[in-house]
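2 protein chains.
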Amino acid sequence: MRRIGMIIAYDGTAYAGWQKQENGPSVQQTIEDTIERLFHETVSLMGSGRTDAGVHAQGQVAAMDFSHPIPTDKLKLALNSHLPEDIRIYQVFEAAEDFHPRFQAKKKTYTYRIWNGSVMPPSIRQYAVLIDHPLDVDRMNEAAALLTGEHDFRAFRSSGGMNLSTVRKIFQASFEVTERTEQGQEIVFTVTGNGFLYNMVRIMVGTLLEIGSGKREKDDIQKALDSGERTWLGPTAPAKGLCLLSVEYE
Amino acid sequence: MRRIGMIIAYDGTAYAGWQKQENGPSVQQTIEDTIERLFHETVSLMGSGRTDAGVHAQGQVAAMDFSHPIPTDKLKLALNSHLPEDIRIYQVFEAAEDFHPRFQAKKKTYTYRIWNGSVMPPSIRQYAVLIDHPLDVDRMNEAAALLTGEHDFRAFRSSGGMNLSTVRKIFQASFEVTERTEQGQEIVFTVTGNGFLYNMVRIMVGTLLEIGSGKREKDDIQKALDSGERTWLGPTAPAKGLCLLSVEYE
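Chains as they are written, first to last, in the working numbering: chain C, 1 to 250; chain X, 251 to 500.
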């Protein structure tokens with residue numbers, strides 16, 4: 001049996017998330033079904049982690065056991081020919097037989113896109129959130145810096161997470177203005193960590209946007225880290241701005 | 251009667267083009283219908299020019315005669331609240347009573363987005379075309395430079411255009427690499443002219459991509475300009491890569 005690894009990009013708009021579930025089509029299920037249809041082999045695709053409904057990916061990593069002898073380059077072509085256009089296979093590779101995309105992940109990077117202007121440009125409406133009042137990007141970056149390092153992030157989590165430990169290490173967390181037009185500016189938050197709790201990035205963003213709007217003090221981040229209390233933090237930012245950019249392994 | 255001007259952005263994917271027509275919903279019709287529903291006034295929206303089915307806009311300019319006294323800022327808000335999210339009104343302004351978005355346009359700028367890589371990133375699949383072989387961007391820019399200046403562009407036109415003169419002036423035409431990732435690069439063609447014939451930008455792009463692929467000589471551009479013969483040129487590039495970026499007036 002081969003263990004096949006994949007790097008997968010998807011537009012999460014039409015999906016109930018990565019993971020197979022009852023209430024709608026998932027990315028995992030769509031790929032598994034395509035493989036079964038093409039190769040008459042039932043596979044189980046392990047992802048590096050779940051992404052929620054509406055969350056996107058540029059670099060989800062997944063693996064499966066597979067007995068069919070098709071070469072990896074042909075498998076990639078076959079999948080991209082038969083998958084819907086909102087799911088694309090960027091890479092297919094032969095993985096070590098014990099490769100596990102979730103347990104062996106060392107770093108994950110997410111991006112969160114914000115359009116800061118009065119009107120959302122139509123072409124990014126599924127991939128960014130609209131903030132129509134001024135944002136202080138420097139202030140957001142000062143607050144984001146408080147998140148870096150190893151902390152107990154139990155305040156930054158929605159119920160439903162199943163992690164035993166809530167300590168995570170954040171290597172990088174910062175905002176960057178990536179585009180300016182007459183209509184506004186695009187601001188992208190990029191965060192890299194050794195792992196993330198359920199909704200952790202979206203709670204970070206919801207909080208940092210309140211700080212950038214002047215509605216909340218920078219120090220609330222520190223208070224949340226110290227106390228573990230969710231009440232020091234802002235709302236969970238909408239799913240559609242979030243994208244799993246990459247997963248790194250040793 | 252007021253003459254109201256607007257700057258409009260749209261995702262053309264779901265529309266049969268800007269202009270009202272039989273075979274599907276148009277952007278113009280959608281806005282006119284929304285105004286009629288909101289203000290019980292039948293209006294006729296004149297655009298700066300047609301865009302074909304699937305073509306996008308960031309800066310379409312349109313005007314209408316309108317008798318309702320609503321202030322322009324409130325009109326913008328009302329329209330954006332009731333239009334579908336793939337059409338956004340960026341600006342509403344009081345225009346001179348003889349303002350005509352088409353006849354008075356001095357310059358138009360279009361962009362054309364190309365993803366140069368083996369697989370199309372899902373988030374830009376409606377806004378770019380995929381070119382999966384190497385492109386020589388320098389060579390494309392050398393060829394594009396031949397297009398600048400005043401020329402008879404009759405070779406660069408699809409039948410169906412209604413222009414009497416086929417002489418146009420191109421102020422700028424160039425490619426720029428706007429993004430590089432492990433998966434490929436985004437290349438954007440930007441062209442500014444005093445006007446464009448039917449499908450002119452898409453024929454330019456289809457030709458320049460063949461030149462960048464080594465399938466066609468740079469000099470074919472010159473031969474097409476000199477002879478007026480469409481046979482020296484490449485195919486009309488797909489609609490979805492094209493976007494009307496802006497229209498300038500005196």
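To be clear, the hints were calculated from the coordinates, so they are not data collected in a lab. Each residue gets a CB set at the ideal place from its N, CA and C atoms; glycine is no exception. Treat each hint with caution, since some may be false.
To be verified - What follows is a list of derived Cβ distance ranges for each label pair: (1) C:Tyr-249 with X:Ala-395: 51 to 57 Å; (2) C:His-82 with X:Asp-348: 52 to 58 Å; (3) C:Pro-134 with X:Ile-320: 51 to 57 Å; (4) X:Ala-264 with C:Lys-223: 27 to 33 Å; (5) X:Leu-327 with C:Asp-65: 51 to 57 Å; (6) C:Met-1 with X:Glu-272: 39 to 45 Å; (7) C:Gln-19 with X:Val-417: 41 to 47 Å; (8) X:Lys-324 with C:Glu-142: 55 to 61 Å; (9) C:Asp-33 with X:Leu-327: 56 to 62 Å.
Going through the hints against the structure:
Roughly 46 Å separates the CB atoms of Tyr-249 (chain C) and Ala-395 (chain X), a value that falls outside the hinted 51 to 57 Å. For His-82 (chain C) and Asp-348 (chain X), the hinted distance range of 52 to 58 Å is satisfied, since their beta carbons lie about 56 Å from each other. Between Pro-134 (chain C) and Ile-320 (chain X) the CB atoms are about 26 Å apart, so this pair departs from the stated range of 51 to 57 Å. A beta carbon spacing of about 46 Å between Ala-264 (chain X) and Lys-223 (chain C) contradicts the range 27 to 33 Å that was offered as a hint.
The supplied range of 51 to 57 Å is met by Leu-327 (chain X) and Asp-65 (chain C), whose beta-carbon atoms lie about 55 Å from each other. One distance hint, 39 to 45 Å for the beta-carbon pair Met-1 (chain C) and Glu-272 (chain X), is violated here, with the actual separation near 57 Å. Between Gln-19 (chain C) and Val-417 (chain X) the CB atoms are about 59 Å apart, so this pair departs from the stated range of 41 to 47 Å. Distance hint check for Lys-324 (chain X) and Glu-142 (chain C): the Cβ-Cβ separation is about 37 Å, which falls outside the suggested range of 55 to 61 Å.
Between Asp-33 (chain C) and Leu-327 (chain X) the beta carbons are some 44 Å apart, a value that contradicts the proposed interval 56 to 62 Å.
In terms of the numbered hints stated before, the structure departs from hints 1, 3, 4, 6, 7, 8 and 9, listed from lowest to highest.
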